[in-house]
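Protein chains: 2
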Amino acid sequence: MTPTTAGDEDSDARRRRRRSGAAIKESMRELSVQLSLLNHQISASFDLRDTDFDCLDVIKRHGPLTPSGLARRTGLHAATLTGILDRLERGEWIARERDPADRRAVIVRARRERNPELFRKFAGMNSAMDGLLADYSPDQLELLADFLRRTADAGRGATDALVRGAD
Amino acid sequence: MTPTTAGDEDSDARRRRRRSGAAIKESMRELSVQLSLLNHQISASFDLRDTDFDCLDVIKRHGPLTPSGLARRTGLHAATLTGILDRLERGEWIARERDPADRRAVIVRARRERNPELFRKFAGMNSAMDGLLADYSPDQLELLADFLRRTADAGRGATDALVRGAD
DNA sequence: TCGTACGATACGAGAACCGTAGCATCTATT
DNA sequence: AATAGATGCTACGGTTCTCGTATCGTACGA
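If you read the protein sequences in the order shown, they are chains E and G. Residue 31 in full-length UniProt numbering sits at position 31 of the first sequence, with consecutive numbering throughout. Residue 45 in full-length UniProt numbering sits at position 45 of the second sequence, with consecutive numbering throughout.
Some hints here could point you the wrong way.
Identical chains share a label here; the pair holds if one copy fits it or two copies do between them.
Below, in silico cross-link-like pairs of lysine to any residue (SDA-like), each with a Cα-Cα straight-line distance of 20 Å or less [to be verified]:
1. Lys25 <-> His77
2. Lys25 <-> Arg103
3. Lys25 <-> Arg149
4. Lys60 <-> Ala71
The hints are simulated quantities; they were obtained by calculation from the structure and are not laboratory data. Keep in mind it's a predicted model, so treat the numbers as computed, not measured.
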């Protein structure tokens, strides 16, 4: 919950810190890979590509938005997004609407009808997580929630930096 | 570090637990999306596809293995893996070797030469993580490391279940 | 020795990606 | 008000990817 500041520590604490830090990054990388593979299986079962559900998630989270806004946020090519949105629309995951304010623009809105279906695919991971979370105290859970939220933010920042800077 | 057992709790604790649990899953999903997009940018910058580095990671982690073993572990189609390994080999990320024991088999080995180059792409995310981790105590870091490791395992289990069962 | 199973890749049809062009529309400038 | 340029989205097309199937070499049980 309340992270301590890392002012001065004895060498033992510093060593533990270094070890855990490395372990965290290591597990994070593996977690990323596993979630990607899980996502691949689920996407394929709905006749979608890997990035499609990523986009759908962004649409759900950041409200109705335009294809170009989605392209900026994801770093994907605008023309690629046409294909992604075509598939998502064909599968009735989203709806394309016209923007009354700007008639060039299209507004992409997430449809929730198929959410339960998608939820069922995640049931395995979900119940595994429930079992795992049961081992932690409310305080610990809040620590974890906060950490994950901040890490997700860091990921967004890192992606943005890569998209902007050509490096 | 030492998770408490969730035997009996008052309603307040239960409510906190439920809220945090939901927040954790929510952030995990967002984290997954952000890391996928980050991975996409990095892969593209090396002329690779999204899943290529996922495979490379599995190869690095689970030692030299055969294409079919990799297919089983990742749930990807064997023919698709030929293409993935072609790209990884062309980029000198892996080497294909013959198995002296079974002359049909090929052994895929990760090459480490380009690791620094890859590491540089992750520098942004890496330093962001360092800044973030500095806010936690050694005990808290160990809690986080353990949680992530167990979550990654859960992800692997869920993927396996989806690959096996046709659901 | 033979038949079957298995590992890896070749092949090809269909699809995806993305650079570019095109069209419609908006906005700033004069 | 008129025009030039910018912007939003999608069509088009070349290159590349995916994945079902076929193929070839090898292993192994009968």
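Hint check:
Neither within a single protomer nor between protomers do Lys25 and His77 lie at most 20 Å apart by alpha-carbon distance, with minima of 29 Å and 29 Å respectively. With identical chains, the CA atoms of Lys25 and Arg103 are never at most 20 Å apart, being 46 Å at best within one copy and 38 Å at best between copies. Taking the shortest Cα distances, Lys25 and Arg149 sit within 20 Å of each other both inside one copy (15 Å) and across copies (10 Å). Taking CA atoms no more than 20 Å apart as the test, Lys60 paired with Ala71 passes inside one copy only; the shortest distance there is 15 Å, against 32 Å between copies.
Hints 1, 2 from the earlier list are contradicted by this structure; the remaining hints agree with it.
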